[in-house]
Amino acid sequence: MGRARLNRVLAVAANTFRESVRERVLYNLVFFAVVLTVSSLVLKELSLRQDEKIVKDVGLAAMDFFGTLIAVFIGVGLVSKEIERRSLYPLLAKPLSRDEFFVGKFLGLAFTLLVNTAVMTAGLAVTLLATGRAFDPGLLKGIIPIYLGLMLTVAIALFFSTVTSTTLAAVGTLCLCIAGRYSDILLHMKADMGAAGGLVQFLYYVLPNFRNFDLKSQVVYGDPVAWSIVGQIGGYALVYTAVVMIAGALAFRARDFV
Amino acid sequence: MRESALHLAGLTKSYAYGFLHRRRRVVLRSIDLNVPRGGIFGYLGPNGSGKTTTLKIVMGLLRADSGTALVLGCPLTDPAWRARTGYLPEHPYLYDYLTAAEYLDYVGRLFSLPAAVRRERALRLLKLVGLENAQHQALRRFSKGMVQRVGIAQALMNDPELVLLDEPMSGLDPLGRRLVRDLILDLKAAGKTVIFSTHILGDAEALCDEVAVLRGGELLKSGRLGDILKIDMAYMELLVSDIDGAALDGDVRARQPVGERWRLEVAAAALGTVIGSVERAGGRVLSVLPIRQSLEEYFLQAMGSEGQHWAAHD
Numbered sequence: 000m001g002r003a004r005l006n007r008v009l010a011v012a013a014n015t016f017r018e019s020v021r022e023r024v025l026y027n028l029v030f031f032a033v034v035l036t037v038s039s040l041v042l043k044e045l046s047l048r049q050d051e052k053i054v055k056d057v058g059l060a061a062m063d064f065f066g067t068l069i070a071v072f073i074g075v076g077l078v079s080k081e082i083e084r085r086s087l088y089p090l091l092a093k094p095l096s097r098d099e100f101f102v103g104k105f106l107g108l109a110f111t112l113l114v115n116t117a118v119m120t121a122g123l124a125v126t127l128l129a130t131g132r133a134f135d136p137g138l139l140k141g142i143i144p145i146y147l148g149l150m151l152t153v154a155i156a157l158f159f160s161t162v163t164s165t166t167l168a169a170v171g172t173l174c175l176c177i178a179g180r181y182s183d184i185l186l187h188m189k190a191d192m193g194a195a196g197g198l199v200q201f202l203y204y205v206l207p208n209f210r211n212f213d214l215k216s217q218v219v220y221g222d223p224v225a226w227s228i229v230g231q232i233g234g235y236a237l238v239y240t241a242v243v244m245i246a247g248a249l250a251f252r253a254r255d256f257v
Numbered sequence: 000m001r002e003s004a005l006h007l008a009g010l011t012k013s014y015a016y017g018f019l020h021r022r023r024r025v026v027l028r029s030i031d032l033n034v035p036r037g038g039i040f041g042y043l044g045p046n047g048s049g050k051t052t053t054l055k056i057v058m059g060l061l062r063a064d065s066g067t068a069l070v071l072g073c074p075l076t077d078p079a080w081r082a083r084t085g086y087l088p089e090h091p092y093l094y095d096y097l098t099a100a101e102y103l104d105y106v107g108r109l110f111s112l113p114a115a116v117r118r119e120r121a122l123r124l125l126k127l128v129g130l131e132n133a134q135h136q137a138l139r140r141f142s143k144g145m146v147q148r149v150g151i152a153q154a155l156m157n158d159p160e161l162v163l164l165d166e167p168m169s170g171l172d173p174l175g176r177r178l179v180r181d182l183i184l185d186l187k188a189a190g191k192t193v194i195f196s197t198h199i200l201g202d203a204e205a206l207c208d209e210v211a212v213l214r215g216g217e218l219l220k221s222g223r224l225g226d227i228l229k230i231d232m233a234y235m236e237l238l239v240s241d242i243d244g245a246a247l248d249g250d251v252r253a254r255q256p257v258g259e260r261w262r263l264e265v266a267a268a269a270l271g272t273v274i275g276s277v278e279r280a281g282g283r284v285l286s287v288l289p290i291r292q293s294l295e296e297y298f299l300q301a302m303g304s305e306g307q308h309w310a311a312h313d
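These protein sequences, in sequence, are chains A and B.
Each residue of the first sequence is one higher than the last, beginning at 0 in numbering that gives the first Met the number 0.
Each residue of the second sequence is one higher than the last, beginning at 0 in numbering that gives the first Met the number 0.
What the hints contain is simulated information worked out from the structure, not anything from laboratory work.
Quick reminder that beta carbons are idealized off the backbone N, C-alpha and C, glycines included.
A portion of the hints provided could be inaccurate.
Claimed, not checked - Sample of chain B residues at the chain A side, in silico, Cβ under 10 Å: (1) Met58; (2) Ala79; (3) Leu87; (4) His90; (5) Tyr92; (6) Leu109; (7) Gln134; (8) His135; (9) Gln136.
Said to hold, decoys possible - Some chain A residues flagged as far from chain B (calculated, every beta-carbon gap over 12 Å): (10) Asn14; (11) Ala190; (12) Ala225; (13) Val257.
For reference, chain A alone in the conformation it holds in the complex:
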């Protein structure tokens, strides 16, 4: 990648980051995530000797849930809003290729989510401190996969954002996120589906498996999680995100802006 090309991608990414941090929806979601994490201080009173686990569990779940909402609701507007409002017309007339614009948009939101995840992690650490516990670095083995799952969610949102309207893109992305979290059901359905079993199995392998990114229970309950597992999850996220991004970029290249 030439220096000029990298500069253009980073310019789009920086602008996307600025756009995201000026969206009111982002602050609302981060606020709720932090409130939820802090509210686990109340929940821990209801459990016996499980206070630390409750705080960790609620903190990681809030990070995952609100991170997904941010990835979906900001992600789906990244390209479709630019097309609907025609704000990308002057930009694409510059020495900025459609691929550069598309990758820049992805990197901008990816960085926004990185900052959000860091803020939520800090919120979790403060909440743990309030219970007299230190932040367990082992939690990162749960947090990193959450972030990787968010990257994939952004790529899916961006793909839908290039091929359809903002509303339909949100519906499509949410459906895939939910289906991907319960894809194990498809595998169990296979035996009961008879002739359609092959199709169900195909869907199981093709749909993004968001359960792969869920190590929350293991890290909260102290089950040993090797870094190599986190590495494998990273590989899965990288390959799947790259495939979805390439599909999105090809769809974006082919678009006519009427």
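Chain A is fixed; fit chain B onto it per the hints.
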């Protein structure tokens, strides 16, 4: 022959529509056009005639079905010309969450301009379009006319050789229109080429060296305004004052009061007699011009009922 700023050959575009997109509506039919460098070129036609479609194809926002285009001598696939070209889309929408200065800085980064150059140019251009006092205001607070001005500023951020403006006067008040007219003339004086589309004939007549006229996706005519608009040397237009034009005798074909003055149409052969009559009656002859067809008259003739409709809405 001067080198082309824009050269189009056989440019054709259609859109699919109907059930399963099996029918096609042709919006541009084999457009051939040559825009020389260093002047102001008007791309004219009623709404829906294909002006915006042509400019979008040139800027890579739409793909032509067939035909070729060369911008500053480069094919569209060669990105080199983009750094030397500025473009204002029709009804631009800019980012709500940015200020005018931030937006121009973003545009400057896409041209890989150094930070100091970006700052200096953004400030200069905002002054040029009369927005220096609003540079730190969020664009969402801007009126339509102000957004149009920022749109023009972003088109000039790279100091382009060729500027394509799609309906640049749209949404502007009379002051804004005057500002843009002056800006276009300044660009020409600086040796730039300006191509602008408009359906407002007065703007084209006041500014353009050459024009192309579109109707229903077809190129009707292109060339110098003087060649397109017929000059009728058989009749002259006189502007006279200090006299009652209605009382004038002689070979006056038509007469019309214009405030305190009178506009008279007289046969060229009777010009001397009429001027003598005016002077004898104590009047003054302010101007004598051969009758030239106006662009509006040309359109009314060339476009039939479509032209009538257009003129009525101008």
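Out of the numbered hints, which ones does the structure contradict?
Numbers 7, 8, 9, 10, 13, in rising order.
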